[in-house]
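J.: This is what each chain is made of:
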Amino acid sequence: MKVFDYVRPASVAEAIAAAAAPGAVYLAGGTNLLDLMKGETLRPDRLVDVTRLPGLDRIEWLGDGGVRIGALVRNAALAHDAAFATAYPAVAEALLSGASAQLRNAATVGGNLLQRTRCAYFHDPASACNKRQPGAGCDARGGENRLHAVLGWSEACIATHPSDFCVPLAALDAVVEIEGPAGRREVALEALHRLPGDTPERGTALAPGELIVALRLPGEAAGFAAHARYLKVRERTSYAFAVVSAAAALRLEGGRIRAARLALGGVAARPWRARAAEESLVGVEAGEAAFRRAAEAALAEARPSGDNAFKIELARRLVRRALALAVAGTPARIPALPASPFPSVAGARHDA
Amino acid sequence: MTPDISLSQVPAHARHGSSIGRPLTRREGVLKVTGVARYAADNHPAGMLYAVLAASRIARGRVTCLDVPAAMAHPGVVAVMTPANRPALALDPDAKLHPFMFRLDLLQSDAVRYANQPIAVVIAETLEAATEGAALLAPRYEALPARVGLDAGESFVPPVVGVGHPAEQLVGDVEAGLASAARRVDATYETPAQYHNAMEPHAVVAAWDGDSLSLDMPSQGMAMAQARLAGLLGIAPENIMIRSPFLGGGFGSKGLIAGPQVLGILAARLVGRPVKLVLRREQMYGPVGHRPPTRQRLRIGAGADGTLTALAHHALITTSTFDDFFEPAADASHTLYASPAIATSHTAVRIDTGTPMFMRAPGEATGSIALESAIDEAALACRMDPLAFRLKNYAEVEPISGKPFSSKALRACYAQGADRFGWAGRPLAPRQMRDAAGMLVGWGMGTATFPALMFQAEARAVIRRNGGGVVEIGAHDMGQGAWTALAQIAADAVGLGIEQLEFRSGTSDLPDGGIAGGSAHTATAGMAIHAAGGEAVARLAELAMDDARSPLFGAGNAGVVARDGRLFRRDDESRSESYADILTRAGLAQVEGRGKSGGDPAAQTAYAMHAHGAVFAEVKVDPDLGQLRVTRLVGAFAAGRIINPRMVRSQYYGGMIWGMAFALHEEAVTDRRSGRMLNANLADYHIPVNADVPEMEALLVEEHDPHVNALGIKGVGEIAITGTGGAVANAVWHATGMRARRFPIRIDDLV
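So the protein lines, in turn, are chains A and B.
Every letter in the first sequence is one number past the one before it in my numbering, and letter 240, counting from 1, is 240.
The number in my numbering is simply the position in the second sequence, starting from 1, with 1000 added.
Just chain B, same shape as in the assembly (with noise of 0.2 Å):
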């Protein structure tokens, strides 16, 4: 079903022509608001069952018994499915056919890997019926012990990190830049586990008919998602029908299927009803990934001017034992410092954890908040200004790589952030303002980075001789505003008002729009769209300059263009003609045109693609409680052609308060000898509050890059994140004196 999206609103100061660039609100607003919009969870088909997971209390060993006929004999419970009974898959939920297939547990056996691992799936009348059969259900264990955190146990190099990169990069001589500089740092910094807790749970409402497959399912990755259960369920990815118009956040934890899910989808096959699967908040920290915790060392040498003489940055990261996901933490080290010697390592050690995965800013992240410390700290052993310690280093080439950026406006980030903050005048030394409260204040800054990323999309344009026109693609709307932000490119594309247009989206069965994730999906599907309006538009333009009764008849070379539902000729923008009248002479109802992006790899060889920001923070922190409080945040970005400012600022700040999180709130706690979650709610798991930020702004650096796409379009997803963690860390040491070495900053370390 696509939802109605409303197209009311048409902001005083919109440009006429264009409606890229316009801050349109969300499209979808209302309906979010009012509670109208459908999410996953939301559906009901006629005789659906509800399906509740029974997870694992012990962290590693075996399921020895499980109490089936005490479930079973619960009134309303119609099934349980446990590794004696769960339908039979195509493909072994362990196989691991290529990198990017994650392991699963579907049930396979009656090992335990980790807590919260799902070990029986109880299927009921109703909600309550299923949550109590879970319960008695009573699992009894054979447990070993839990190998807990970063010292479980031996270490290992990863064969790769994060997508295929290699764990280990070098360039110069790390160990001679080191011995020849004249100020040294040498700083170990800790990052606990995170999980996304998006506010929608994993779900899914599974309904069979036949071996056809009807899925109401949040995603990230729908045509992924289809391939995935394809291969497991042994049957035709045309078949499998997925519907995720709305998702309440992913954070990268719905871009692969989660096994949960496909319990569900298991158990409606069990039982021949559809059935819904909610995953419950604490199940949530198990099964669906994480950011896994990190040790970090970074050295670096400088010269007695604050020149980079060597980066040197090691990563200590955990996995599961059972699947590789490898945090590609010190990768951030590789682009944003000029340094003549960069080396970049991670070493893994195997725990009894769900196996981590991407989460926003995987790597960059992590890597981020060590390495903008420890900078911090390089500038203070150079007794410089962090934000001068940092121009000096300023990267003119991407450092690893040696290639050129194909935009970087990180210079105008610095300048344009520092002024509206008041940077200037900030003492070097700790400890030096206060507050008229008597509060310490401190002022921090760092650096935000985030790779400017293509992948492969598809799209489809219609326009109509009604003078409308549709575009389709299967995108996602994880709350970013893609609804929003993809019309305004697709009206741009086939040249209607965005009032003219209808844009479809968010079903499987429409063309592929590939991933919501790596910050990218602006631009991928953008540009799958871009390409196939301009298809529709140059069959429309082909119709009309062929034809010696149009105004465009022999335009030629000299082209057209699309603007307002006409063509215009591009060197006489006097004779134009409209949609309408074009395909009405044509004798044709519509013309259609498709679409296909993806990265340009000439490009890519040739040119370092990143986005870039510059954060700033005050905090104030009492001197006696230790009660910390960021007072001002300021970021401000570049990132390439901006379609919507208004969503792309909702982005930015989003991703500072996530940053903001990282430094000061966000830390899962684990039970050291257990290995079970101890703060797996939303009580104890601490985001910020509103609260905690009370003054933020996101600048909107002018950015215009020739070579990412033809769109100029860059990320915002995630880099807001980046840069600001360590900028709160950093403004923390200014107040007080204290260099945190793990995160997240707590009171204990304060006072």
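Bound conformation, chain A alone (with noise of 0.2 Å):
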């Protein structure tokens, strides 16, 4: 393969100022980078090893009641955290619904967020993609793209974020802690990924160089923690990406909603937050009438970008269920298939 520069710095400082050189990538567990150098969709000059960066690998209780998860912290160690999973039930189970043990345990929290499209033109390097090379086109329009965005799409590109753990984050107000060449700032977790509009080229809003060292649940997310379920349709029962999925969250008095978080997976180049089929939720009575009403609020701007239509009622429907699911009531323990709509096996765990 391309030979290229690794280099492991001693602090984040060191980091950054090994990241300013042109053509550099960050690499932490390696799980989508490392696949993506082998099929030479990106060929870096340098890669900076973060993975033994002190100080980045601490899950931290915040005064508000909130979480700081450092970047380093793997997958799998976040989902098994009994506290982090009492306190973002729906996140746990997200992040136990995605890809493999195996690759739970070597993905970083921070590499999660950063995780690449599975748009297989843009995998592809003989293909065009406007999102790989600015301006060659997008070979996924008029191609094979039953699973392609149907919510923020732009001609430029039709790609989807894959990841499960954003999905019920960008309900939750997460927030995402960047250091970079200009210091340390702040985005929330909903405006890190950028829709494609004309620069597919620019997935996040990251400037370059720039690297997350956190991530934070406010306090008042876990405020959801009694009924909250993240929900996945996909074309295996596990280790598959989602056709799409759903993060819905709920508080509840008597049979009223008094507050709601809705975002969707698999629908759009971001976790999509769906706040008019929230605010449509609040001071309803939870039933089915007020989740159909949510459901085609969400979806209302929704419309295929190839052979996908499917997805769109897939997704009403996918939302009225979490919703639903929400309102029954988070399980005691998080279900041995995550977010998967069949019930448990008797006897099995997840973790078993």
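By construction, these hints were calculated from the structure, which means they are not laboratory data.
Since this is a predicted model, take the numbers as computed values, not measurements.
Where is the CB? At the ideal position from N, CA and C, for every residue including glycine.
Do not take every clue at face value.
DEER-style ranges, computed between Cβ atoms [said to hold, decoys possible]:
| no. | chain 1 | residue 1 | chain 2 | residue 2 | range |
| --- | --- | --- | --- | --- | --- |
| 1 | B | G1438 | A | V3 | 53 to 63 Å |
| 2 | B | A1046 | A | I59 | 45 to 55 Å |
| 3 | A | G30 | B | D1067 | 25 to 35 Å |
| 4 | A | A136 | B | G1438 | 41 to 51 Å |
| 5 | A | D49 | B | A1046 | 30 to 40 Å |
Once you've looked at the hints, go ahead and assemble the two chains, each given alone in its own frame, into the complex.
T.: Right, here's the structure in full:
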């Protein structure tokens, strides 16, 4: 493969300096980047290995009841952290529904936020892809696109963001802490990923050289813990990306919805926060009629980008189901089949 | 190198005196799970270089430029092999001297005839340098429009399908049968291209010594590979030594030597050093075969009582532009259901793809899912239970030929499978069953069948004075358990405990073990071993019976039996003598026997020979979200004598999982414009995971077949794919009312 520099900085400052070089990329778990390099989708000149940076692998509880998660915390470690799974069960369920146990052991929180689309035309170096090569065109249009975006896409790009983890994070107002050449800043998770517009090559709000160092979930978001679910439709029972997914979180008082959070995955270039749907739910009685209105609102702007009209109706149904399951209450344990509509096999545990 | 196979385990319930029938665990299992087992790509001879293929990124056209200087300038690159400098061959790789010789892409020109075709090989000191060298070639192309899919060209009737079978076969008058039918089904089903995806990629480690060639290379047919290579390279077959002790799966893709393996050998010739070439996963989607897509039309007629009046099965298939492999999908309708009129036919279209090849149950699997779906539709049209309908049309003789079956325990398979599954009481109509969680529940079934084939093989057996024995055969363990099952046959053949037997296999310098394909390896290699052992025992018996000092003297026509290292007089087991005593007295260190196997033409003319089975599936489907899960699979199979029930169950499980994958998961996605593969990796090309099938059972139905071979062995490697795909599809219909006409079934079909 291409000869590249490998540097292993000892501090965040050193890492940022090392990543300033043209063609530099950060390497964490490598579960996505190395595949892309082997397939010649990406050919970086320098890998800046951040996995040994001190202090980024901690889960810290904050004064407001929220949590700060270091960017190098492994997906599996976070999902299996009992206090975290209690406070943010939909996030833990989303993590455990993604990839395989081996990948979850290797993948990091920061890397998961930055994973690249699964669009085959992005991965295939011989295909035209505006995301990979600005101005090249988009072979996904008119190609095999039944799993592509139905929201927020443009003529330039119809790719989706594949993360499960990011979907409940978007719903729960997660904040991303970033360090870079210009110092430290914060971005709402919802604003981290960009819709393609005319510049699909810019997939995130990160400036060159910027490094995600932590992720925060506010204490207020833990208030949804009793009624929070992540649900994922996929093409095999495990180890598959979402066709469509939904995170739903509610605060209930009596039979009424006091607050609602809703986000969709697999439908757009970013985890799709459905604010209009959330607003439609506030103050109303929890029930099928309300869920139906919310589903309509969430997908109001959806349109097929190819052979994927079925995803729009599927997403509506998924929203209704996710809301119904949220009302029914968070399960005492994360189900053996996380994020699946199938009930757990009796006696089976997700970590058995 | 013969691997050191441990003989440590003896099950508590072993039957004394016989190894056949014992559920031994894999004798090489510990080697495999500890990483000691050496697969081809684990070898690293001194001075070895790494070769990496550059593969075409167009599907049709020609290569106009390769930047060889750029690749050569990369540190570590030793050579670049292109059509300009590839060592000469003694035979044109496009020559086809017999139908079983398939054309290979060995850099014979700049033409590109499918995506992922090898267009150059870069040889370097490291894998990384060779990989980058291949990237630096930056090929430029003159591309022509790719022909993709079943509608890409004019279809034609192929000269033959499968292994020399007629493309069209007919008994009775199908049109009359359809015209007279009270109930008719006319349905078309599509199946996608699938790729073998053995866990172990095709690999070769090649070392030349003058005109002698040493190869570590996974192979399902070492003798055939020797012969093919000898022809291509212009050297004697016996100068080619192949070591293939273990395969990480083959499924037909390693039956014939693949083009990239030959390129590795040529690369070693070019640089004069040993070379290793291992395909990358995505490079296995092109030059090493696949199962072609099909579009199958089934027309079925039946009387009001459910008796078939006609069965017509047509299959449109694809093949490559440059070679002839025709998937015999419609032939699946030859053997299962009694109909006075049967017509099967094939047409093919040439597209810009690698040549399709034998892939686990080639034709049987593709044809079965369409046939079993259509039979289910016919049962419904007759308002009959699917099992009752199949029993109503049970074939007492092979329908296409009229021959009696050598054995057929399919009724017992139906009965035992249905009983175990709890089929009775199944409602006829769809969408009638739900579970406590509100999931739709459906039950479906399918009939499984696969021919009982025999190829040719040879073996050698030695019985030693020290009480031990050796059996040698160049057989192939693809993971199916040949190291174990064949050793069990060998132990019984020489009348020794398996612990006393040294079983040598997996290299080409041993007697030709035939091909591990067609589900015929255990029968074929096993019968050669049986014959060799029998001959060695006969030599011993001769020594004893002719010697007045032996208790067996004069046994004559009564004969002897061999067991536990002794010969016993058949009519008086109190008279026996040990092998050691016989050989000691004769002054011999050992006796040797050689054996051959092959099909019995007289029996094959007289009888139709097939294994059979019945598969029952339960699926649950979320009625809103289209999420689908196979919650139970029960298969009952009758395949003659079972050598090792543990290995056989494992084959049935693997087949049933594959059949389920056929219905629900596997599909190679090709870009309709470029002809390039879009999911050439195991993240996106879905095969089932454990969670996809929580509960599975395989029942071994007793069957004695006096005709297939002396041991009564039929094959078990492929049958369980058949029947299962249809059972799952039929269960999906029963759950949802949605009749799948395109596979795999997708969420889009269910919402």
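J.: Are there hints from earlier that the structure breaks, and if so, what are their numbers?
T.: none
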